[in-house]
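Residue numbers (numbering that gives the first Met the number 0), protein chains in the order written: chain A, 0 to 263; chain B, 0 to 263; chain C, 0 to 263; chain D, 0 to 263.
Be careful, since some hints might not be right.
As the list claims (entries may be wrong) - A few chain D residues facing chain A, derived, Cβ under 10 Å: (1) Ser50; (2) Leu58; (3) Gln60; (4) Ser125; (5) Asp141.
Unchecked claim - Here are some of the chain A residues that sit facing chain B, going by a computed Cβ distance under 8 Å: (6) Ser50; (7) Met53; (8) Val56; (9) Lys224.
Think of the hints as simulated: they come from the structure by calculation, not from any bench. Cβ atoms here follow ideal geometry from the backbone N, Cα and C, with glycine treated the same way.
4 protein chains.
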Amino acid sequence: MATRIIELEKPRLKNPIFIEGLPGIGNVGRISAGYLAEQLKAKKFAEIISSHFMPFVLLHQSSAVHMLKNEFYYWKAQNKKQRDLIILIGDSQSIDPEGHYEIIETILNYIKKFGVKEIFTLAGLSVGEQTTGLKVVGAVSDPELVKKYQKYGIDFNTGAKVGTIAGAAGLLLGLGRYYDMKGVCLLGETVGFSVIPDPKSAEVVLKVLTKILNIKIDTSKLEKKIKEMEDFIKKIKTMETRAIAQLLRPKEMPKEKEKLTYIG
Amino acid sequence: MATRIIELEKPRLKNPIFIEGLPGIGNVGRISAGYLAEQLKAKKFAEIISSHFMPFVLLHQSSAVHMLKNEFYYWKAQNKKQRDLIILIGDSQSIDPEGHYEIIETILNYIKKFGVKEIFTLAGLSVGEQTTGLKVVGAVSDPELVKKYQKYGIDFNTGAKVGTIAGAAGLLLGLGRYYDMKGVCLLGETVGFSVIPDPKSAEVVLKVLTKILNIKIDTSKLEKKIKEMEDFIKKIKTMETRAIAQLLRPKEMPKEKEKLTYIG
Amino acid sequence: MATRIIELEKPRLKNPIFIEGLPGIGNVGRISAGYLAEQLKAKKFAEIISSHFMPFVLLHQSSAVHMLKNEFYYWKAQNKKQRDLIILIGDSQSIDPEGHYEIIETILNYIKKFGVKEIFTLAGLSVGEQTTGLKVVGAVSDPELVKKYQKYGIDFNTGAKVGTIAGAAGLLLGLGRYYDMKGVCLLGETVGFSVIPDPKSAEVVLKVLTKILNIKIDTSKLEKKIKEMEDFIKKIKTMETRAIAQLLRPKEMPKEKEKLTYIG
Amino acid sequence: MATRIIELEKPRLKNPIFIEGLPGIGNVGRISAGYLAEQLKAKKFAEIISSHFMPFVLLHQSSAVHMLKNEFYYWKAQNKKQRDLIILIGDSQSIDPEGHYEIIETILNYIKKFGVKEIFTLAGLSVGEQTTGLKVVGAVSDPELVKKYQKYGIDFNTGAKVGTIAGAAGLLLGLGRYYDMKGVCLLGETVGFSVIPDPKSAEVVLKVLTKILNIKIDTSKLEKKIKEMEDFIKKIKTMETRAIAQLLRPKEMPKEKEKLTYIG
Chain A
0 MATRIIELEK
10 PRLKNPIFIE
20 GLPGIGNVGR
30 ISAGYLAEQL
40 KAKKFAEIIS
50 SHFMPFVLLH
60 QSSAVHMLKN
70 EFYYWKAQNK
80 KQRDLIILIG
90 DSQSIDPEGH
100 YEIIETILNY
110 IKKFGVKEIF
120 TLAGLSVGEQ
130 TTGLKVVGAV
140 SDPELVKKYQ
150 KYGIDFNTGA
160 KVGTIAGAAG
170 LLLGLGRYYD
180 MKGVCLLGET
190 VGFSVIPDPK
200 SAEVVLKVLT
210 KILNIKIDTS
220 KLEKKIKEME
230 DFIKKIKTME
240 TRAIAQLLRP
250 KEMPKEKEKL
260 TYIG
Chain B
0 MATRIIELEK
10 PRLKNPIFIE
20 GLPGIGNVGR
30 ISAGYLAEQL
40 KAKKFAEIIS
50 SHFMPFVLLH
60 QSSAVHMLKN
70 EFYYWKAQNK
80 KQRDLIILIG
90 DSQSIDPEGH
100 YEIIETILNY
110 IKKFGVKEIF
120 TLAGLSVGEQ
130 TTGLKVVGAV
140 SDPELVKKYQ
150 KYGIDFNTGA
160 KVGTIAGAAG
170 LLLGLGRYYD
180 MKGVCLLGET
190 VGFSVIPDPK
200 SAEVVLKVLT
210 KILNIKIDTS
220 KLEKKIKEME
230 DFIKKIKTME
240 TRAIAQLLRP
250 KEMPKEKEKL
260 TYIG
Chain C
0 MATRIIELEK
10 PRLKNPIFIE
20 GLPGIGNVGR
30 ISAGYLAEQL
40 KAKKFAEIIS
50 SHFMPFVLLH
60 QSSAVHMLKN
70 EFYYWKAQNK
80 KQRDLIILIG
90 DSQSIDPEGH
100 YEIIETILNY
110 IKKFGVKEIF
120 TLAGLSVGEQ
130 TTGLKVVGAV
140 SDPELVKKYQ
150 KYGIDFNTGA
160 KVGTIAGAAG
170 LLLGLGRYYD
180 MKGVCLLGET
190 VGFSVIPDPK
200 SAEVVLKVLT
210 KILNIKIDTS
220 KLEKKIKEME
230 DFIKKIKTME
240 TRAIAQLLRP
250 KEMPKEKEKL
260 TYIG
Chain D
0 MATRIIELEK
10 PRLKNPIFIE
20 GLPGIGNVGR
30 ISAGYLAEQL
40 KAKKFAEIIS
50 SHFMPFVLLH
60 QSSAVHMLKN
70 EFYYWKAQNK
80 KQRDLIILIG
90 DSQSIDPEGH
100 YEIIETILNY
110 IKKFGVKEIF
120 TLAGLSVGEQ
130 TTGLKVVGAV
140 SDPELVKKYQ
150 KYGIDFNTGA
160 KVGTIAGAAG
170 LLLGLGRYYD
180 MKGVCLLGET
190 VGFSVIPDPK
200 SAEVVLKVLT
210 KILNIKIDTS
220 KLEKKIKEME
230 DFIKKIKTME
240 TRAIAQLLRP
250 KEMPKEKEKL
260 TYIG
């Protein structure tokens, strides 16, 4: 199956900006992008399913199964200072290295059709214990973007603090170059126990992002929202961890030494 | 090779229901579906082989090799209250995450040709020690199915008890949605030592399923049947465990430190 | 790249029998088939290279690199009691489960073009310590073959002794069925420390095989031959083991805790 | 995505020689080829990106992301004793066995278009502690090349010292044969702690290579150059090691035993 996009609607968008927020450190990207989509009442128009996600369905509170997927939402600009948006959120990233490249190229090929030229990826940056004054650290696909975005209070002294940006947040920028897209990664500093969502860090990221986008959203419900999501996010993580552990460890060893001989 | 279907016969079926029972917890699904196919004298019409099964053949009692495969059976309705059935049983599920998606999409593409619109997947639900009063717990691909099937004594308070449904039983429901198929997963509660087949749980699942299908089968031979199968099922599991252990651990380390230098 | 056959010559063969002997337990198959090809002065006509072999080249005694591969040889019948032969030998089998299926289907597709209908696979059967009176144990793709080959002193009480036949020796029989080929696996009993080639077991297998094929070869040089091969075979095994160990274990952990933060 | 070449320019080259230097033991190949390309002011004309590289981008000193890639450079002969050159350098080799074959075949297919018939691969040879008098050891794709290159002071008593040549340096020679290319691997002896670049070994390799190519370069800046590179090379290695460790070990185990049941 590899990776597939299921299109539910074909929106007409004008020069849209693409925003990505998938699970990762502190779930900062996932929370920020999800909250933004919800506050804007953005509309879902496509889904990604992939054989690089875990091979299971989730159950959450009801008896209906939930398939792991990523989801595209769109939002249309309300005034001339704003731009149309495509927002990508989701339950999971690839569980194997190769899948990351495949899924991200699928995304880039798809958004290219809508004329996307600018990308914002949202992620968390684990900074150990120093929790006072969380900042947004920025990485760019092109050095000239620094000038353009420095005024929004983003810390661009990035090379000294950041080694790599893994998965979608990094590769969308790196691979985006081959699709004529310029990108900025907004990294919200977080204490970084990766399972625990960090609303503070998400709020800081959202403040910078909405300023750039000329959008006003109410961040006061963010913490409450996260409370609701936390259970579900934790469930996915627990199940993934358990499933990966099962894949790596032979389940039950044969107890009695059976009289079976092995041939090769 | 990936995954391939070998068709032995092309049955003409009318609006058939698809039933899946592959190996898993307590082998509940495998036993239930296998016993149903046998009691109904359902006829095999296709096989699935896949490079996502273990790369070996089995020997069992005779000197003839047994290739790991999944098998499709069909059964034609005997009266107007019944429906034609396609039953899938087999020796194995995918041994890697990606293979699950590939095999399940191969199955969905194939059964779509016969006009399948409804799916029942059968599986076990490990419930630790509380063995009194085993129930059938249900998961659905669509919340409206709950109303339809509640009367059959299925426990649909599923979200509280079930985290994920892994492999075919879950993904057939999740992916089936993209093929316009609605599905119910019938989970037989079992004490859940995954190697040991649980006839009690299979019987409970079969009772619910046959009531839904308006079919009468004699479940009295179930325990005897399982006794016969147990050996074979155990052999597959043992071999898989051993093979996986061998894949994960380098077989024999070089004893003497040889004078060979490594280059990269 | 997957798996590829490089054809050096297109021999015209009449109803040929296919014989496989690749590395495995005691290298019994590899030694038997290799010695047979050499004694018959069989001619190489094709090579298989595959991305499922280890990604390295070997050096052995000279400074010329040796690419891991499998090799096809042919031999033409000398009299009416004999049959043309295709013999497959090689340095390696697939290092991952999926690759086995791919390589074996590549082989089956290729030999089908020469009209192959009968297969003999050669392998070792590890029997622990009981070394007196090594036998050849047989497995078949079709129960009716037992009758035909019982007279050659093959032990067909196989199910009791053999759990699985892994890799090429097993899958050529299992998958061969889908290519209208019937097959017998000749398993030479061996004490089974898989790195150490077992000439005794190879000799017993060769005696049964040549009787079936109506061929006379001199097995007196077998032990000397193996002495020569041993070094090379050991080198491959050592390198594979080392390489697999390297793949499974991160090479060098960063010593000083560097000030690099991880982002996802 | 697999593996892709992005061509920036289509140089016209006459009978070019191909030189490869990718990361490996002591980074000897990477350093030698990189320094050569820089000293010759060779021009970049193509890039390779691959889903077999790590799925992350790097940050180094600036806030701009760096995508893992391999890079092709060309240089045109300045006089009749010289030959046009294609030089391949890069950040990474494949992280999985299969990827090596895929990437190397992509390279061979690409350079074949420029008429390449001769290959030099550069690598390090770990020789433990004996550091006095580092030599260049040679491996060849064809025994007759030994005669041609022996005069350049290469030690061709290779089989006794070298077990395998892993990755690009080895497979370009082995697979090159199927593309009608002849190749020599120049192995610089090094003490071989693979993370630490070895300028001494690179210098010895460069001296032999430039003599063969009739090129004069100033090796005096080599050590300084390596000092500059060291940080970046170390960063890649550290990140790869960390990432691989993360892939192999489930990140955080669920602490409290949650009331979630597992189904299969």
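Okay, the hints, checked on the actual structure:
| no. | hint | verdict |
| --- | --- | --- |
| 1 | Ser50 | holds (3 Å) |
| 2 | Leu58 | holds (5 Å) |
| 3 | Gln60 | holds (4 Å) |
| 4 | Ser125 | violated (26 Å) |
| 5 | Asp141 | violated (34 Å) |
| 6 | Ser50 | holds (3 Å) |
| 7 | Met53 | holds (6 Å) |
| 8 | Val56 | holds (4 Å) |
| 9 | Lys224 | violated (20 Å) |
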